[in-house]
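Peer 1: As given, the protein sequences belong to chains B and S, one line each in that order.
The first sequence: position 193 = 193 (the numbering used here), numbered continuously.
The second sequence: position 99 = 99 (the numbering used here), numbered continuously.
Hints are computed from structural coordinates only; laboratory data are not their basis.
Bear in mind the structure is a predicted one, so any value in this text is a computation, not a measurement.
Fair warning: there could be bad hints in the mix.
Below, computed lysine to aspartate or glutamate pairings styled on EDC-like, alpha-carbon distance capped at 20 Å [unchecked claim]:
hint, chain 1, residue 1, chain 2, residue 2
1, B, 2, B, 26
2, S, 146, S, 70
3, B, 170, B, 76
4, B, 125, B, 26
5, S, 146, B, 33
6, B, 169, B, 139
7, B, 200, S, 36
8, B, 189, S, 87
9, B, 189, B, 56
10, B, 189, B, 99
11, B, 66, B, 19
12, S, 4, B, 89
13, B, 69, B, 139
14, B, 208, B, 160
15, B, 177, B, 139
16, B, 200, S, 430
17, S, 35, B, 89
18, S, 4, B, 79
19, B, 125, B, 139
20, B, 2, B, 117
21, B, 125, B, 79
22, B, 189, S, 25
23, B, 200, S, 25
24, B, 189, S, 29
Derived DEER-like restraints, expressed as beta-carbon distance ranges [what the hints assert, rightly or not]:
hint, chain 1, residue 1, chain 2, residue 2, range
25, B, 191, S, 72, 26 to 36 Å
26, S, 153, B, 188, 51 to 61 Å
27, B, 34, S, 96, 22 to 32 Å
28, S, 427, B, 66, 24 to 34 Å
29, S, 306, B, 24, 23 to 33 Å
30, S, 95, B, 78, 22 to 32 Å
31, B, 193, S, 280, 42 to 52 Å
32, B, 117, S, 126, 39 to 49 Å
33, B, 193, S, 326, 51 to 61 Å
34, S, 383, B, 239, 35 to 45 Å
35, B, 164, S, 95, 43 to 53 Å
Where is the CB? At the ideal position from N, CA and C, for every residue including glycine.
Each chain, written out:
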Amino acid sequence: MKALLLGSTSTIGRAVARELARDGIDLVLAGRDSSELHRQASDLSIRYRQQNVFFDIGEFYPHFQKIEKIFNDHSDIDEVYCFIGYLGDQQLAETDAEEREKILQVNYATSVHLLSEAANFLERKRRGKMIIFGSVAGDRGRRSNYFYGSAKSGLHTFVDGLRARLFSKKIHVMLVKPGYVDTPMTWGKPGIFWAASPEKVARTILRKKEKGKRELYVPWFWKPIMLVIRMFPESIFMRFPL
Amino acid sequence: MHYKVVQLSGWGNYPVVKARVYRPERLRDFAHMGKEIHWIPRGLGRSYGDASLNPHGGTLWMRRINCFLDFDPESGVLYAEAGVSFEEILRVFVPHGWFLPVTPGTKYVTLGGAIAADIHGKNHHVHGSLYNYIEALELILPSGEKIFCSRKQDRDIFEATIGGNGLTGIILAAYLQLIPIETSYIRQAVFKTANLQETLQILSQLDQEYPFSVAWVDGFSRGKRLGRAIVQFGRFAKQNELDGRWRNHPLRIHPSPTISIPAYGVNLLLNKLTVRAFNNSHYAFCKPRESTVHYNEFFYPLDCIAHWNRLYGRRGFLQWQCVVPPDAGEKTLTAIFQFSHEQGWFPYLAVLKRMGSGRGWLSFPVEGFTLALDYPNRSGIEAFISRLNELVLNAGGRIYLTKDAVLTKSAFEQMYPELDRWKGVKRAVDPNNVFASLQAQRLGLIN
Ligand SMILES: Cc1cc2nc3c(=O)[nH]c(=O)nc-3n(C[C@H](O)[C@H](O)[C@H](O)COP(=O)(O)OP(=O)(O)OC[C@H]3O[C@@H](n4cnc5c(N)ncnc54)[C@H](O)[C@@H]3O)c2cc1C
Ligand SMILES: NC(=O)c1ccc[n+]([C@@H]2O[C@H](COP(=O)([O-])OP(=O)(O)OC[C@H]3O[C@@H](n4cnc5c(N)ncnc54)[C@H](OP(=O)(O)O)[C@@H]3O)[C@@H](O)[C@H]2O)c1
């Protein structure tokens, strides 16, 4: 087994990588920061005596590189994970075009490009799995994070379509919608509660992936919470200070 | 980096401060740490007092800087980041026949925290402190400059940082010499002594024969029984010494904690009556014996209960640890127990051990007997501990800073004769006292 991790150095990505390496799965790590990729690669190979390689695929804004080379070099990849995400600064984005663009680029546009390339690769092999990170923030627009939320929402719609396309090719697509996870994205931010540990989230994801789950809320209680949040009439919901 | 405001304390849950905690996860985070005048690094918070606390600045929580960077299977030298825990090192390396060269009584400490306290273990009388096994350090100086230091390069900074309580900069990573083991089991010999004199005697006698030794003392016993103890000696077992059921898996690792204390206790479980009863039965039922036990049981008996410090309740407890010169041992230790009992303070835990010679600077260990006592926090504890500190000072001994929250500047200065040398390095690398803790302020380690 070989897995490609896009955005492998994300905090959740690191936890998933450790779980996969523990299970003896070969890893291809891809990210934008060579020194972080290097740390991660040596850590995994010492902890689990496991072989892995890494690719620096650069910053996604304003440019990004194609990842054909990864699939050419590693035609035996059978799982693709995507952890890429950028919360950004909501308030800044309201007035600053650059921040706005970056949030849209990283969370939506470049993710869509990368995942499309990955999908084309797996489609040719006619087997594999894709595990993609969306967010509960994409379930309903809120004033505190609607740039990020809407980009994730777009990604969710893209993933649903992709799943339908790949379904007949025996490729399973799982969308993960984390609630609060204890990573730099949530550390010290106001209003965060019950943040789950990345290790626990990683274990849940890998377990549910085996069960063929299509959409997964982690931790589980975000599913009922989001159900309720989605049910509120807009006339009331828009008044919430969320 | 963002910070989170957290109520923070050491393992003793006393004192508690409101801290701004920053948690770096990428190396580039160190380049934009945040606007703070002061910083103190922190690992797993197993120091008991205020060595890792600073309410007036940022707390740099290093736990997520935890990558293994390199390992040389020939020499056994591990290059790992400061936030790696001893628990992780054991998990990864015990199955391949390597062990920690020096370990405290818990495996839930970080490499960085262990270096900053220059920890000692049950083998101090033979192998010395952790310092002996650190080949080099990767350090971020208060200026922001990143350096490697070792016995050959920037030696003063190296010496001042090991045992420097986080005050000379951020330990980013270290080269640690691991030691080879054939099995992960300990051959132990357990003795029972009737009083302090016997306890000290047996420690001095048998120390030559075993690399590991420690005495659990019944801190409640008085009079003729004062200082009665269960004394444990040990060494790593050879494979052919293991029973059949273990011989096939000689390098088994530790299990995860079995119990967790979910909330602060209300002193029902842990009070003078229960501890006295425990001590009496522990002593009475203990059989002198030779046996083979797993390292987890030998080195980390308390680790099977997560958050056991909560049993002491919200007010927490103080651990106090001194070392007194060998000649003054019996007299001073007797005086400590007697004074304690007279004042109505009974230590809930008392651990005694012989130490070999020390290495100077701010490192705690020096030749003699070291005694660690746990007291639940009640009013008047600071005055009481100060009196104990005086007893130790008058006997020519010293106090371990990683366990301290009470020591005064003047007593401290008399206890650590190489302080000026350390301060010289501190002034040179950190003239503006960027790195500071509550303890450093109290002890005048910063100006
Ligand atoms: C049950 C128990 C048993 C113990 N037994 C022993 C024993 O036998 N022998 C012994 O010597 N000690 C013992 N200790 C104490 C413990 O080993 C030390 O306090 C150790 O420093 C704890 O490591 P930590 O990662 O929790 O550090 P913390 O408590 O978080 O910090 C300790 C000190 O290290 C500094 N520090 C932490 N990380 C860094 C870094 N990356 N760079 C620079 N400075 C840093 C902090 O500023 C602080 O001054 C014991 C503690 C407990 C709870
Ligand atoms: N944490 C939460 O509470 C939470 C909640 C809901 C959803 N999620 C989603 O879960 C996924 C993982 O989150 P995490 O918490 O682990 O976040 P994280 O640690 O901040 O990781 C984000 C990832 O995106 C990469 N990235 C960010 N900006 C980039 C850019 N401009 N160009 C290229 N790469 C960029 C990061 O690379 P570097 O490693 O180099 O920084 C990292 O790999 C994300 O998709 C996130 O949106 C998280």
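Peer 1: Among the hints numbered above, which are violated by the structure, and what are their numbers in rising order?
Peer 2: Of the numbered hints given earlier, those the structure breaks are 6, 7, 8, 9, 11, 13, 16, 18, 19, 25, 26, 28, 32 and 34, listed in rising order.
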